[in-house]
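*Asks:* Line order of the protein sequences matches chains A and B. Counting in our numbering, the first sequence runs from 105 upward without gaps. Counting in our numbering, the second sequence runs from 105 upward without gaps.
The set of hints was computed from the structure by calculation and includes no laboratory data. These numbers come from a predicted model, not from an experiment. You may find that some hints are simply not true.
Heads up, the list lumps identical chains together, so a pair's fine if it works in one copy or across two of them.
The list that follows gives simulated cross-link-like pairs (lysine-lysine, BS3-like), each with its CA atoms no further than 30 Å apart [claimed, not checked]:
hint, residue 1, residue 2
1, Lys261, Lys106
2, Lys261, Lys162
3, Lys257, Lys280
4, Lys190, Lys257
5, Lys290, Lys106
6, Lys280, Lys127
7, Lys122, Lys190
8, Lys280, Lys162
9, Lys257, Lys106
10, Lys162, Lys257
11, Lys106, Lys162
12, Lys106, Lys251
13, Lys290, Lys162
14, Lys190, Lys251
15, Lys261, Lys251
16, Lys190, Lys215
17, Lys215, Lys251
18, Lys290, Lys261
19, Lys290, Lys280
20, Lys106, Lys280
21, Lys290, Lys215
2 protein chains.
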Amino acid sequence: MKQRGLLLVISGPSGCGKGTILKELLAVQEQIYLSVSAATRRPRDGEVDGVHYYFMSKEQFQAEIDSDGMLEYTCYCDNYYGTPRKPILEHLEQGDDVILEIEVDGALQIKKQYQDAILIFVMPPTLEELEQRLIGRNTEDSQTIQKRLLRAKEELKLVGHYQYIVINQTIEDAVKDIQSIIRAEKCHYNPFLNCETQPKSK
Amino acid sequence: MKQRGLLLVISGPSGCGKGTILKELLAVQEQIYLSVSAATRRPRDGEVDGVHYYFMSKEQFQAEIDSDGMLEYTCYCDNYYGTPRKPILEHLEQGDDVILEIEVDGALQIKKQYQDAILIFVMPPTLEELEQRLIGRNTEDSQTIQKRLLRAKEELKLVGHYQYIVINQTIEDAVKDIQSIIRAEKCHYNPFLNCETQPKSK
Chain A
105 MKQRGLLLVI
115 SGPSGCGKGT
125 ILKELLAVQE
135 QIYLSVSAAT
145 RRPRDGEVDG
155 VHYYFMSKEQ
165 FQAEIDSDGM
175 LEYTCYCDNY
185 YGTPRKPILE
195 HLEQGDDVIL
205 EIEVDGALQI
215 KKQYQDAILI
225 FVMPPTLEEL
235 EQRLIGRNTE
245 DSQTIQKRLL
255 RAKEELKLVG
265 HYQYIVINQT
275 IEDAVKDIQS
285 IIRAEKCHYN
295 PFLNCETQPK
305 SK
Chain B
105 MKQRGLLLVI
115 SGPSGCGKGT
125 ILKELLAVQE
135 QIYLSVSAAT
145 RRPRDGEVDG
155 VHYYFMSKEQ
165 FQAEIDSDGM
175 LEYTCYCDNY
185 YGTPRKPILE
195 HLEQGDDVIL
205 EIEVDGALQI
215 KKQYQDAILI
225 FVMPPTLEEL
235 EQRLIGRNTE
245 DSQTIQKRLL
255 RAKEELKLVG
265 HYQYIVINQT
275 IEDAVKDIQS
285 IIRAEKCHYN
295 PFLNCETQPK
305 SK
């Protein structure tokens, strides 16, 4: 019997290094699928449909919501963003582990529907370190950075809903942490369960 | 702040390969301490006090029980066997992970007292494989082997109390499983918890 894959949900404040960690993880881990989000905003230069996002019209997105086709979704700046359910369930059935990189709100929506979902929060070693990383990226002004830090502090209050916390001291260690979580979670599976729960023949 | 070590309890049927797995694990894993049991039986040839067992008299053992010095204990063939509490707590405080290799009954006694204890059950891939391994050891007659198999089947009924099941397909994989469990369990620790639970200053 093929073992079903794990549904892993990764969140963490902007600047914590999630993107780099996931890129490295996908390079070394087998049978893992990174979920592609759906969005109603226009593609930016270089963004490819089905790679960066599934781009769809608001009408299409609304139809997906109505037919329960979205695992979670949110509206931000008058555009919808969400996680299409079908590809995720297909990969899980095939035995692939599926990774979703989403915001805390979406993660909690998923946990309500799939109690088996494994919630992992990626953190910077300290808030000071996060600030330094955001400044170092050199892509935001100081006001935006302060906003992001405030948001990070808000998100940290919800970290108790996450089963695992990965501190991004180094990318290498953070990737090993997530690989260990995946491997350990697979040890919750009991191959003898079927024979145990069946009535014993005499 | 130093992180407290993990208390890991390993059980599994006789012949499943626990001993070899633990030997390999101790060779590759850092900061890990294998608990030494106490026993009232006489040392066998080559057995060293404090290495194979802490050998003690029945009076000493009874005094330890009375002063709550045993984490768990059992009586078998008119002799006491048990796990002294003090060295384990000391190692945990120092930040060492502690491994206990004990029977299912003792494991459940420990889980009642220490809910944080991590229970790992080591299994052979199949019961047929277990039988083959017991025959292969060539140390027991067929009646004893049948007794051990019967006992293994009884133990498997209690496997639901264990958080993790490690299938001993190969020693190498089983060791990696346990290493992953240790690493993943350490990700349950929240370094921000202290600041969160303290009242915020305004």
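*Asks:* Which of the stated hints cannot be reconciled with the structure, identified by number in ascending sequence?
*Replies:* 2, 4, 8, 10, 11, 12, 13 and 14
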